[in-house]
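**Student:** Each chain is listed here by its residues.
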Amino acid sequence: MSSLYEQLGGAPAIDAAVDIFYRKMLSDDRVARFFETTDMERQAAKQKAFLTMVLGGPNNYTGRDMRAAHAKLIPMGLDDSHVDAVIENLGATLKELGVSDEKIAEVAKIANSVRNDVLSR
Amino acid sequence: MPKIQFGARQIELLEGETVLEALLRSDLKIPNSCRAGACQSCMLRSTSAPPAAAQQGLKESQRLQNFFFACLCRPQEDLTIDLDATPKEQEAALLERSFLCPSVARLRLATPKDFPYYPGQFLQLRRDDGLTRSYSIASLPEEGALELHVRVLPKGQMSRWLAYELQPKDKLYLRGPSGDCFYTPGKPEQPLLLLGTGTGLAPLYGLLRAALAQGHQGPIRLLHGAVSSEGLYLQEELSALAKQHPNLTYERCVLQGEPPEGVLSGDIRQLAKQKTPSLKGWRVFVCGDPELVNALKKWAFLAGASLKEIFADPFITAPVTSE
Numbered sequence: 001m002s003s004l005y006e007q008l009g010g011a012p013a014i015d016a017a018v019d020i021f022y023r024k025m026l027s028d029d030r031v032a033r034f035f036e037t038t039d040m041e042r043q044a045a046k047q048k049a050f051l052t053m054v055l056g057g058p059n060n061y062t063g064r065d066m067r068a069a070h071a072k073l074i075p076m077g078l079d080d081s082h083v084d085a086v087i088e089n090l091g092a093t094l095k096e097l098g099v100s101d102e103k104i105a106e107v108a109k110i111a112n113s114v115r116n117d118v119l120s121r
Numbered sequence: 001m002p003k004i005q006f007g008a009r010q011i012e013l014l015e016g017e018t019v020l021e022a023l024l025r026s027d028l029k030i031p032n033s034c035r036a037g038a039c040q041s042c043m044l045r046s047t048s049a050p051p052a053a054a055q056q057g058l059k060e061s062q063r064l065q066n067f068f069f070a071c072l073c074r075p076q077e078d079l080t081i082d083l084d085a086t087p088k089e090q091e092a093a094l095l096e097r098s099f100l101c102p103s104v105a106r107l108r109l110a111t112p113k114d115f116p117y118y119p120g121q122f123l124q125l126r127r128d129d130g131l132t133r134s135y136s137i138a139s140l141p142e143e144g145a146l147e148l149h150v151r152v153l154p155k156g157q158m159s160r161w162l163a164y165e166l167q168p169k170d171k172l173y174l175r176g177p178s179g180d181c182f183y184t185p186g187k188p189e190q191p192l193l194l195l196g197t198g199t200g201l202a203p204l205y206g207l208l209r210a211a212l213a214q215g216h217q218g219p220i221r222l223l224h225g226a227v228s229s230e231g232l233y234l235q236e237e238l239s240a241l242a243k244q245h246p247n248l249t250y251e252r253c254v255l256q257g258e259p260p261e262g263v264l265s266g267d268i269r270q271l272a273k274q275k276t277p278s279l280k281g282w283r284v285f286v287c288g289d290p291e292l293v294n295a296l297k298k299w300a301f302l303a304g305a306s307l308k309e310i311f312a313d314p315f316i317t318a319p320v321t322s323e
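Sequence order for the protein chains is A and L.
Under our numbering, the very last position in the first sequence is 121; numbers go up by exactly one each time.
Under our numbering, the very last position in the second sequence is 323; numbers go up by exactly one each time.
Just so you know, these hints were derived from the structure itself, not from any lab.
Hints may contain errors.
Said to hold, decoys possible - Sample of chain A residues lacking proximity to chain L, with all beta carbon distances greater than 12 Å (derived):
#, residue
1, R30
2, T38
3, E41
4, K48
5, N59
6, A111
Claimed, not checked - As a list, the in silico PhoX-like pairs of lysine-lysine whose alpha-carbon atoms are at most 20 Å apart:
#, chain 1, residue 1, chain 2, residue 2
7, A, K24, L, K308
8, L, K298, L, K308
9, L, K273, A, K46
10, L, K113, L, K169
11, L, K169, L, K59
12, A, K24, L, K298
13, L, K59, L, K308
14, L, K308, L, K187
15, L, K280, A, K24
16, L, K275, L, K298
17, L, K113, L, K171
18, L, K298, A, K46
19, L, K273, A, K24
20, A, K95, A, K109
21, L, K113, A, K46
All values reported here derive from a predicted model rather than from experimental measurement.
Note that beta-carbon positions come from the ideal geometry of N, C-alpha and C, so glycine has one too.
With the rest of the complex left out, here is chain L (with noise of 0.2 Å):
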């Protein structure tokens, strides 16, 4: 019968088992309740492809982390349980460091050696003196280097640092990569539509460049919006994008301002309303501001995306301390 490896303990598996029969009896406490594969809270993660029996209900990008229900799994080979919950800490450096606006810093950092990753994952970056924040990748892995877009707030710790004082010999570290906010093949016709406030813009970004990568065929619609003109960036470089491909998309908003040429004024989502009022059978990534995400996220739901079909990225900002 096939073990499991649960840390230290491994765990041979009983005729007609499942994993959670099996890691219950022994002593572990994994979270549970129906039993059914619906609830979620046996959610487990593997160090290989499990079973895909065990992985109904999840999204293709979870799947393709080798996220599993313990409840619906029975392997027919030993399994390993990946018990990371946070990814091991790899040391990075600046590479370079440009404005791509006034209050947004693109940097690029050396790749650490293992680090695979979907272009629209995060990752945490973590400062010698333990100060740790969380950004989105925006580079493709052919790139060579990691591209992050750092928004640089006011009283901002890290995203100052970052933008102003980091230097190629610093010590950085980071974690990762986490998120399930990526493009992932298999639906080569399916319109996508992607809708970013701010900083929002750089896993769409990544996750854009990779679905076109990937040839995919299907209508692509990018909305960025920012409160004003000045929070717009790599306009010329979507444009160009969008030139290029005939099915994308690329349109922008500001929320103030007289907008200039090319740039529609409002609100996105009242925006993404009048664009797109039904998105039956659509993939959405929505990115940026956590009230507005989740606001897109559950408006997208009643418009008709499945909920299987909605990714979303929600900039969490970290508290202001009285440093």
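Next up, chain A with everything else stripped away, as it sits in the complex (with noise of 0.2 Å):
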């Protein structure tokens, strides 16, 4: 059985993916604050790691990884409705892209187990 980064195309449909996500969140005034950058590339980036690894793609990323990554967003109010909020954007995002709500529902599961790393729990 095919992972749903598969089935959506792999690489290049995630690279569409990841416009639409972080459009989003730099739209979304609850989260935006945790993107200010000058270097939006970078930051797309590691969008594009982390939807890749929700979507069952090819990852090699940690708890840790993700606990070390989002550290320095602590100190600034990050919280559960931050990370909500996220889920909620790449909801969205999936739905934009023709995802049946089940499948959302799994990607949503997979994204909450990294919930407590990402908060520093």
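Each chain sits in its own coordinate frame; assemble them with the hints.
**Tutor:** Structure, rendered in structure tokens:
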């Protein structure tokens, strides 16, 4: 059984998905402040790696990587509401790409599995 | 099996191995993270074209420069990694100098022998005493000389020397070219948006003429912004170009002062938004003041342009020293 990553079209399709997902995050007042950066390409690359991971694509991220990557956002006030917002935007992105609600729920579950790492809990 | 040349080391690739795996196995500390071609940590450069599959996700202009991801690279032939983070230094010399407007000098330098460039890339200029600054290339290779636009800053060490003191006999060195802000063919019908402030016009002037020379058919919109009308330049040349090429639209804007005939008044960000509110499918080039470049880049992305189609060249000025 192929992963959602493969079903969507693999790496080239994820590039398009990242654009949609990243746009949503930058336009979302709840989380936009965590994305202030001068290096948009680098940030998009991280989003791409995240999408690749939750869609079942090839990846080698560990919980420790997610923890380290988000540690500096904790003093900025990162909390559950922001993780919720990200998962919401992820769902909206997948819906735009024609993914079924059932599959979206599966992906949300995977995203949720790193919640505690992201929040350094 | 193919061999990888990494500096003095030659590493034989094992069956099924990626370049990243081969290098790590040989105790070379290549930055890496996702091992999936997404995070871009393991980006390297080769001296000749790497396998296309290893360039998945890169901009066309990066692909042309032979950048690739080591974690995706399974070469069928020998591969040499280009380790020169900084290209080699070569001698340059001033050929001629003129002023394009009170604060901008146009320099023409003798092109070094081994300097293949794309108009819009930049180079680093070094004076004999070590003072070094970067400048974007406004010329086309076929013009024979390198053209730079130097904005003379009140306390600018390099800019004042280049504009007022440099003589043809003086020693000058350059490194380059670098950067991915240049025109690449392949989508001749694509609409292009060129936004520049001040001497941000230099790379745009180069890549715009390269696009036209390569037969770009799609609409090209150039908007050049300056603080005041004194900072506008090449107006006649660009107006003439726009007359010659119906697909080129040339507009200028100033922040301060009464705008002369034909010049718009306002902030380049507002005007760009008004004139091209949706950028889906566009390719965008933004050059000049770093703060504006960043804001325009973000706007362009939110307005629908794909990140891969946005090319930025922020002109980061060196801090003023107390010399």
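**Student:** Now tell me if each hint is right for this structure.
**Tutor:** Results for each hint:
1. Its beta-carbon lying about 16 Å from the closest one in chain L, R30(A) satisfies the requirement of being farther than 12 Å from that chain.
2. The claim that T38(A) is not at the interface with chain L is violated, since a C-beta of that chain comes within 12 Å of its own (minimum 6 Å).
3. Not every beta carbon of chain L lies more than 12 Å from that of E41(A), the smallest distance being close to 7 Å; the non-interface claim is violated.
4. Under the 12 Å C-beta cut-off, the non-interface status given to K48(A) relative to chain L is violated; the minimum distance is some 4 Å.
5. With 12 Å as the threshold on Cβ separation, the claim that N59(A) sits away from chain L is violated: the shortest Cβ distance comes to roughly 5 Å.
6. In this structure A111(A) is separated from chain L by more than 12 Å, as the shortest Cβ-Cβ distance comes to about 16 Å.
7. Simply put, K24(A) and K308(L) have alpha-carbon atoms about 17 Å apart, close enough for the 20 Å limit, and the pair holds.
8. Restraint check: the Cα-Cα separation between K298(L) and K308(L) comes to about 13 Å, which is no more than 20 Å; the hinted pair holds.
9. For the suggested pair K273(L) and K46(A), the alpha carbons sit about 28 Å apart, so the restraint of at most 20 Å is broken.
10. With a C-alpha separation of about 18 Å, the suggested pairing of K113(L) with K169(L) holds against the 20 Å cut-off.
11. About 40 Å separates the Cα atoms of K169(L) and K59(L), which puts this hinted pair outside 20 Å; it is violated.
12. A threshold of 20 Å between alpha carbons decides the hint, and for K24(A) with K298(L) the separation of about 13 Å falls inside it, so the pair holds.
13. Taken as a hint, the K59(L) and K308(L) pair is honoured in the structure, with Cα atoms around 6 Å apart against an allowance of 20 Å.
14. Our distance criterion of 20 Å between C-alpha atoms is met by K308(L) and K187(L), whose separation comes to about 14 Å.
15. Restraint check for K280(L) and K24(A): the C-alpha separation of about 15 Å stays at or below 20 Å, so the hint holds.
16. At most 20 Å may separate the alpha-carbon atoms for a hinted pair to count; K275(L) and K298(L) meet this at roughly 17 Å.
17. With a C-alpha separation of about 16 Å, the suggested pair K113(L) and K171(L) falls inside the 20 Å cut-off, and the hint holds.
18. Between K298(L) and K46(A) the CA atoms are separated by roughly 17 Å; this keeps the pair inside 20 Å, and the hint holds.
19. With a C-alpha separation of about 19 Å, the suggested pairing of K273(L) with K24(A) holds against the 20 Å cut-off.
20. Our distance criterion of 20 Å between C-alpha atoms is met by K95(A) and K109(A), whose separation comes to about 16 Å.
21. Restraint check for K113(L) and K46(A): the C-alpha separation of about 40 Å exceeds 20 Å, so the hint is violated.
In this structure, the hints that do not hold are numbers 2, 3, 4, 5, 9, 11, 21, in rising order.
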